[in-house]
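Participant: Now for the letters of each chain:
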Amino acid sequence: MSSEIFDLVVIGAGPGGYVCAFRAAQLGLKVALVDKRPALGGTCLNVGCIPSKALLHSSEHFAFAQKHAAAHGIKLGAVEVDLPTLLKRKDEVVAKNTGGLTLLAKARKVTVVTGTATFLSPTTVSVGASLDDARSQHLTAKNIVIATGSAPVELPFMKFDGTTVVSSDHAIAFPTVPKKLVVVGGGAIGLELGSVWSRLGADVTVVEFLPKIIAAYDDDIVRNFTRLLTKQGLKIEVGAKVTGLRKSQISNPGSQIAAVTLLAERDGKTLEFEADKVLVAVGRRPYTDNLGLEKAGVELDEKKRVKVDAHLRTTAKNIWAIGDAVAGPMLAHKAEEDGAAVAEWIAGKAGHINWDLVPAIVYTHPEVAGVGLGEDAAKAAGRAINVGRFNFAANGRAIAADATDGYVKIIADAKTDRILGAQILGANAGELISEIVTHMEYGGSAEDLGRTIHAHPTMSEALKEAGLAVSKSAIHTL
Amino acid sequence: MSIEVKIPPMGESITSGVLAKWHVADGAIVKKDQPLFELETDKITSEGTAEAAGKITFKVPAGTDVKIGQVVATIDETATAPVGGVPSPREASPAKSDEQSPAVRRLAAETGLDPASVTGTGKAGRVTKGDMLAAGEKPSASAPVGGVPSPREAAPAVAAAAAPAAAPSVALAKERQTRTKLSKLRQTIANRLVAAQHEAAMLTTFNECDMSAVMELRKKYQDDFVKKNGVKLGFMSFFTKAVVHALREVPAVNARIDGDSVVQNHYYDIGMAVSTEKGLMVPVIRDCDTLGMAGIEKAIADAAKKARDGKITLADLEGGVFTITNGGIFGSMLSTPILNAPQSGILGLHAINDRPMAVNGQVVIRPMMYLALSYDHRIVDGKEAVTFLVRVKQAIEDPARLLIGA
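The listed protein sequences derive, respectively, from chains D and P. Note that my numbering has the first sequence beginning at 1, numbered continuously upward. Note that my numbering has the second sequence beginning at 1, numbered continuously upward.
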């Protein structure tokens, strides 16, 4: 049982935790970074953002080879998927990322401690292989940051078993392509992983409780997006509440009968969806299980998130919490922002967080991206706005690159022309949205966006035109 | 090493003012002599400049009441602009330490409104398009020298697109009241006027004078006067000389109460009230007893131009012993001017109207002007006030008295 005193101990090495630790080390603090996995990076690098993007990338290539290569004059015979190789590549991508973090941690002299953490007191954390591990280390710190992230929400009547009822943790590593995959939840995670397996050959149905998928986006964006996904072969069922799961009577492998039937209800009618696997992606919950928060004096709020003030300080004055463990968008870059800010505050510097400018992206194809206030939300709040819209079909680069689906929407204040938000449906929406975030950071107007030079031919010109469209002065569209 | 930015001394009677606005953003890199802030006092608005280059940190926000000598910011001389500075080939953009956004530059070029004079609400105090639009709509109380703020939104396309949004501004025009905040300057002027009334025992005595003699002289000598002096012979020079003449005879009007003492002036600096966009200003013409008629006319013309151009300095407004105000140019027949504290007398001139007068038992039409002298009764008694005004009247009606000294 060793004891060391640190300036900062960070529990959880996901995007929030490792950024916090690295920033604190940059500012001269003595830091320990704790994670139950030997590999750093948390959910994001190991079972979330990174592996899913690798799978999306590989499966997109496959879909291109199958469906679009011929149009480009590329002659291919029968195109097949070698799933083990595809998954191996995904693992290599993950390893490269996590390996890079380990190197950075070492270079920054951050002490990495592997194990499960639990509070012994407000200033001491015990880290071991399990809660009773006699060989656990005790870390004492002046400041502690809780960055334990989140876990997939489990439906009480349909618990995860890892084979038939699965979470995203499992859905990034199916050993074979399922014949029928039902995805419960039409948010980003469900749609992304649903897209992956659909491209690789699965029959995918997405069942969503709300009247629309990706409900935070404007109705017109969602309508167009749904249409495009349906064209790709996904079946989208909205307004359907999942009520139960029926296991099939016959369940020997190799059988043609699906393993389970998902039951749902819509407008009083019962719907049934046969499935080999059910991916439950209805959301994530803050994860603070077994942390021993009572011993630290840290309280949770009514949604089981760690209760924090505007500076992310918990009810224990030397303990902070960031990322998915606290309120705010459950996104890696938000956690990173939190982590950097807390490190700066602990080091006595001026950190800042702005949860109003956190962009969100759905990494399907085409992608969907949004930041700030949407058109529907603005109108519902009675705010006077002007909206500028530009279709990728009118963008030269998009036409050349088979990326004509979708459009850019810029929402600006009617009086000051300040950009209040933007939503983009299209290829690379996730990259393009960054520019809007930058303009919004400086209080930029739609006119500023329209008057900023954008190289030609790029898809980013669609942003400029949409900015001009706010004042009805777009050049390449009426 | 840091230097302090202090409110500079501005004349003996000025002890405080308002830091009306900052011309730079908090944390900006400033150059030596760069204008930093606008200071409003009850007499004048002036600028504070940087005594050294460096990074400025504010100690008080805009709109704060400040005292002379108060530290309002510090400049860290060790902080310099980042390498590469602000990259921009365009030099025409209005001067502020941060580069302006494209929309702001466009509005500045179209409306002539200097972004440096606009309060910025963007990141780190940057001026946004919205700030420019809002500043263009405000009344021009704080327009900088040469600035012509446009009351309309300069972007026609924005106006065209905002058809539903235009409705609210139409509705505003039909409102029965609008409320605008008083600028600090106006507030201070208002306070001073009331204070003056409370301190002095202010009364007004009246008389009338026949302007025909002066008008005759002007008619006779105007051309020669202009040829010789390059300036027109007006009424003000006559009145100024008449006032000096009367002040000599009634020195009580050339004195003031300061606390428990009486201060008697032995010089004749006369303030001439001039009406400008920003309000009434009273530049002082120095040593009117030593100036000839041409000298007085020239000095008055210069002062009026300076006032209208906004180039009056505090020194120009200080030290007067008496004031002449002319409501006649607006058509006033008779009025009770308010004292220009801490002076003890003010002469009000009015419109010249032809009136039937009794002269030597005959009714004749004469160009008549009513004269008003408001005075501080604590120091000037009734007889002195009346005598003063009579002397002025006599000097106007018979200008030879000025020459002869009778």
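Any given hint could turn out to be false.
[Claimed, not checked] In silico BS3-like pairs for lysine-lysine, Cα to Cα no more than 27 Å straight-line:
#	chain 1	residue 1	chain 2	residue 2
1	P	67	P	6
2	D	67	D	179
3	D	142	D	247
4	P	220	D	415
5	P	123	D	349
6	D	30	D	231
7	D	317	D	304
8	D	415	P	181
9	D	295	D	36
10	D	307	D	295
11	D	349	P	55
12	P	232	P	220
13	D	349	P	59
14	P	298	P	227
15	D	109	D	349
16	D	36	D	53
17	D	241	D	212
18	D	415	P	21
[What the hints assert, rightly or not] The calculated label-pair distances, taken between Cβ atoms and stated as ranges, are:
#	chain 1	residue 1	chain 2	residue 2	range
19	D	453	P	315	43 to 51 Å
20	P	181	D	348	48 to 56 Å
21	D	169	P	31	53 to 61 Å
22	D	156	P	123	43 to 51 Å
23	D	348	P	259	46 to 54 Å
24	D	57	P	31	26 to 34 Å
25	D	348	P	260	50 to 58 Å
26	P	123	D	223	34 to 42 Å
27	D	318	P	123	54 to 62 Å
FYI, nobody ran anything at the bench for these hints, they're computed from the structure. Here a beta-carbon is modelled for each residue, glycine too, at the ideal position from N, C-alpha and C.
Participant: Give a verdict on every hint.
Facilitator: The hints, checked one at a time:
{"no.": "1", "hint": "P:67 to P:6", "verdict": "holds, 9 Å"}
{"no.": "2", "hint": "D:67 to D:179", "verdict": "holds, 20 Å"}
{"no.": "3", "hint": "D:142 to D:247", "verdict": "violated, 52 Å"}
{"no.": "4", "hint": "P:220 to D:415", "verdict": "violated, 62 Å"}
{"no.": "5", "hint": "P:123 to D:349", "verdict": "holds, 19 Å"}
{"no.": "6", "hint": "D:30 to D:231", "verdict": "violated, 54 Å"}
{"no.": "7", "hint": "D:317 to D:304", "verdict": "holds, 19 Å"}
{"no.": "8", "hint": "D:415 to P:181", "verdict": "holds, 21 Å"}
{"no.": "9", "hint": "D:295 to D:36", "verdict": "holds, 20 Å"}
{"no.": "10", "hint": "D:307 to D:295", "verdict": "holds, 15 Å"}
{"no.": "11", "hint": "D:349 to P:55", "verdict": "holds, 18 Å"}
{"no.": "12", "hint": "P:232 to P:220", "verdict": "holds, 13 Å"}
{"no.": "13", "hint": "D:349 to P:59", "verdict": "holds, 19 Å"}
{"no.": "14", "hint": "P:298 to P:227", "verdict": "holds, 14 Å"}
{"no.": "15", "hint": "D:109 to D:349", "verdict": "holds, 21 Å"}
{"no.": "16", "hint": "D:36 to D:53", "verdict": "holds, 23 Å"}
{"no.": "17", "hint": "D:241 to D:212", "verdict": "holds, 12 Å"}
{"no.": "18", "hint": "D:415 to P:21", "verdict": "holds, 24 Å"}
{"no.": "19", "hint": "D:453 to P:315: 43 to 51 Å", "verdict": "holds, 50 Å"}
{"no.": "20", "hint": "P:181 to D:348: 48 to 56 Å", "verdict": "violated, 39 Å"}
{"no.": "21", "hint": "D:169 to P:31: 53 to 61 Å", "verdict": "holds, 58 Å"}
{"no.": "22", "hint": "D:156 to P:123: 43 to 51 Å", "verdict": "holds, 46 Å"}
{"no.": "23", "hint": "D:348 to P:259: 46 to 54 Å", "verdict": "holds, 52 Å"}
{"no.": "24", "hint": "D:57 to P:31: 26 to 34 Å", "verdict": "violated, 51 Å"}
{"no.": "25", "hint": "D:348 to P:260: 50 to 58 Å", "verdict": "holds, 56 Å"}
{"no.": "26", "hint": "P:123 to D:223: 34 to 42 Å", "verdict": "holds, 35 Å"}
{"no.": "27", "hint": "D:318 to P:123: 54 to 62 Å", "verdict": "violated, 31 Å"}
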